[in-house]
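**Q** What follows is each chain in one-letter form.
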Amino acid sequence: MKKLINRPQDVVQDALAGVAAAHGDRLKVHTAPDSIVRADAPLRGKVAIVSGGGSGHEPLHGGFVGRGMLDAACPGQIFTSPTPDQVLAATRAVDGGAGVLLIVKNYTGDVMNFEMAADLARDEGIVVESVVIDDDVALQDGRHTAGRRGVGATVLAEKICGAAAERRRPLAEVAELCRKVNAGARSMGVALTSCTVPMVGKPTLELGPDEIEFGVGIHGEPGRERRPAASAHDIVAALATAIVDDLPFGRGDRVLAFVNGLGGTPLLELYVVYNELHTLLASRGIVIARNLVGSYMTALDMAGCSITLLRLDDELAALWDAPVVTTGLRWGA
Amino acid sequence: MTAADQGTGPGDGSGARREAITRGDVVAWMRAFAAAVARDRDHLTELDAAIGDADHGINMERGMQAVLGRLDALDALGELAGGGVGELLKTVGMTLVSSVGGAAGPLYGTLLLQMGSAAGQASELTLADWASALAAGVSGAQARGKAELADKTMIDALVPAAEALQAGAASGLSLAEALRQSAAAAQRGMEATVPLVARKGRASYLGERSAGHQDPGATSSWLLLHAAATALPAGLAP
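So the sequences go chain by chain: A and B. Numbering-wise, the numbering used here puts 202 at position 202 of the first sequence, and it's gapless, one number per residue. Heads up, the numbering used here is the position in the second sequence plus 1000, with the first residue counted as 1.
Quick caveat, the hints were computed from the structure, so don't treat them as lab data. Check the hints yourself; a few may be wrong.
Claimed, not checked - List time: in silico EDC-like cross-link candidates among lysine to aspartate or glutamate, alpha-carbon distance up to 16 Å:
{"hint": "1", "chain 1": "A", "residue 1": "K202", "chain 2": "B", "residue 2": "E1046"}
{"hint": "2", "chain 1": "A", "residue 1": "K202", "chain 2": "B", "residue 2": "E1079"}
{"hint": "3", "chain 1": "A", "residue 1": "K180", "chain 2": "A", "residue 2": "E315"}
{"hint": "4", "chain 1": "A", "residue 1": "K3", "chain 2": "A", "residue 2": "D14"}
{"hint": "5", "chain 1": "B", "residue 1": "K1146", "chain 2": "A", "residue 2": "E315"}
{"hint": "6", "chain 1": "A", "residue 1": "K2", "chain 2": "A", "residue 2": "D301"}
{"hint": "7", "chain 1": "A", "residue 1": "K180", "chain 2": "A", "residue 2": "D85"}
{"hint": "8", "chain 1": "A", "residue 1": "K180", "chain 2": "A", "residue 2": "E129"}
{"hint": "9", "chain 1": "B", "residue 1": "K1090", "chain 2": "B", "residue 2": "E1079"}
Said to hold, decoys possible - In silico negatives: residues of chain A with every beta carbon more than 12 Å from chain B:
{"hint": "10", "residue": "A138"}
{"hint": "11", "residue": "R149"}
{"hint": "12", "residue": "E166"}
{"hint": "13", "residue": "P170"}
{"hint": "14", "residue": "A282"}
Backbone N, C-alpha and C define an ideal beta-carbon position, used for all residues, glycine too.
Chain A with its partners taken away, still in its complex shape (with noise of 0.2 Å):
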């Protein structure tokens, strides 16, 4: 294992540190327990947004805190959800007094974290929504599994969920707005090598040099199947219409479309797919409205990408088109 660190045990402390480092004028970096959060929070009136899960995907969720977005993020260890004092600590440094929306990927152990760190804050009279992102179709049945995995969708509800909040909506409908979010976009990845945690120094999945996992996890956990490698052409074709024929989106949808990187792919090859995803959309009819391209939400070192597509209305699309002021994302300000 060949890394930027020192002992692997501190990659998380190290790189919190980092980030002060760089950043702490903007930024305040909690340790013990661990949160990002926005140096001028808390806002007065405003509906705080807090997300957070493992490290191992920046620059989500750190990366993402700011003007714009969100209020607060809760890094845990490498792939490992956060604990709910993490999160409940988040939760009050951001409270404005008009309640906090937690966004949680569905992944069991965020899910729980989360729901524990919600009925602590509701204890101490904290007005808290939930919302549970699970966009990922490499998951076709949900009813005997954890159900679908929140992936890229969690990078667009979060952008636009905290335009929402700045422009002062209550958080009933902020939370109604991650909903949408999430009920229109579907997401689908592929690792074309596997990523490497630190403390386990090793491959965490066995890809052999012409194989690729379709269907992948942000955390190299196996997807929908074992394919031999293939093109660009053939790759995205797979992933985006296991994605189209899912919701569906049909005709006529204008859509954002997310080519999003899982750590070890170049911009260049992203920018392939997303040409591959812009002839294959415009071929069925589909509008790419919006679009982002770029590394969001990352497997550590893994090679891949996911594509993610959400069904924008003008209320979506204003929303997203709004300022953010973050380390990920900026534009507008």
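Add chain B to chain A, keeping to what the hints say.
**A** Quick look at chain B alone, frame taken from chain A:
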């Protein structure tokens, strides 16, 4: 410090095994579990790598190290011995909740917290009290994770263990024998997870591919019950 040192409480002078569980016994149990988790850390992580995300041993070790730290801190303050059994179980539960993360943190944390609530203020618990407390803890963990038997989770080891302990208490077994039977039931439950298809947690994403692997959560739960069988009846009265 050995488990026996920790488990030794004020005796009745008869030289017989004590039939009650004290705070000292809980400390001995947690030290034995921490040692087992540290010993089997890589094994737990390898089981998790096969069907999960390869961090179960790491997370459990981090949590139990935090528990040991908390126990040592209480010891340094002279607060380890006094007080109720329930309070100590809750302290352990809160420590796990705030240090493990993942799914195991809330599940083991809830198990210990609910055991603590059921144990109440008593400074000594009989086998029947202890069996009721374990049953309450297991139901708490089951409610938190919404898992059923045969979903291939820790519940598959915990439920039979709690049932065996209650059956042992009802049929008048000694504490030591009841704990042994409880640990044996946990082991059978753990081994029975091998052919199951997971329906909860990250292993469920694998569908049929999860069959043929022993569940890591059921394995750490067996370690917990096995630690109880080895550490708790070690409290030989002097």
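**Q** All hints are to be evaluated individually against the structure, with a verdict given for each.
**A** Hints, verified against the model:
Between the alpha carbons of K202/A and E1046/B the distance comes to roughly 11 Å, so the proposed pair stays at or under 16 Å and holds. Taking the CA atoms of K202/A and E1079/B, the gap is near 43 Å; set against the 16 Å cutoff, the hint is violated. For the proposed pair K180/A and E315/A, the alpha carbon gap of about 11 Å is at most 16 Å, so the pair holds. Restraint check for K3/A and D14/A: satisfied, since their Cα atoms lie roughly 13 Å apart, inside the 16 Å limit.
About 36 Å separates the Cα atoms of K1146/B and E315/A, which puts this hinted pair outside 16 Å; it is violated. Taking the CA atoms of K2/A and D301/A, the gap is about 11 Å. The hint holds against a cut of 16 Å. Note on K180/A and D85/A: the hinted pairing is violated, with a Cα-Cα distance of about 29 Å set against a maximum of 16 Å. For the proposed pair K180/A and E129/A, the alpha carbon gap of about 15 Å is at most 16 Å, so the pair holds.
For the suggested pair K1090/B and E1079/B, the alpha carbons sit about 14 Å apart, so the restraint of at most 16 Å is met. Consistency note on A138/A: stated as away from chain B, yet its beta-carbon is not over 12 Å from all of that chain's, at 8 Å minimum. Chain B draws R149/A into its interface by the beta-carbon criterion, the shortest separation being 7 Å against a cut-off of 12 Å. Separation of E166/A from chain B is adequate, the least Cβ-Cβ distance of about 30 Å exceeding the 12 Å criterion.
Every CB of chain B lies more than 12 Å from the CB of P170/A, the least distance being 30 Å, so the non-interface label holds. Under the 12 Å C-beta cut-off, the non-interface status given to A282/A relative to chain B holds; the minimum distance is some 32 Å.
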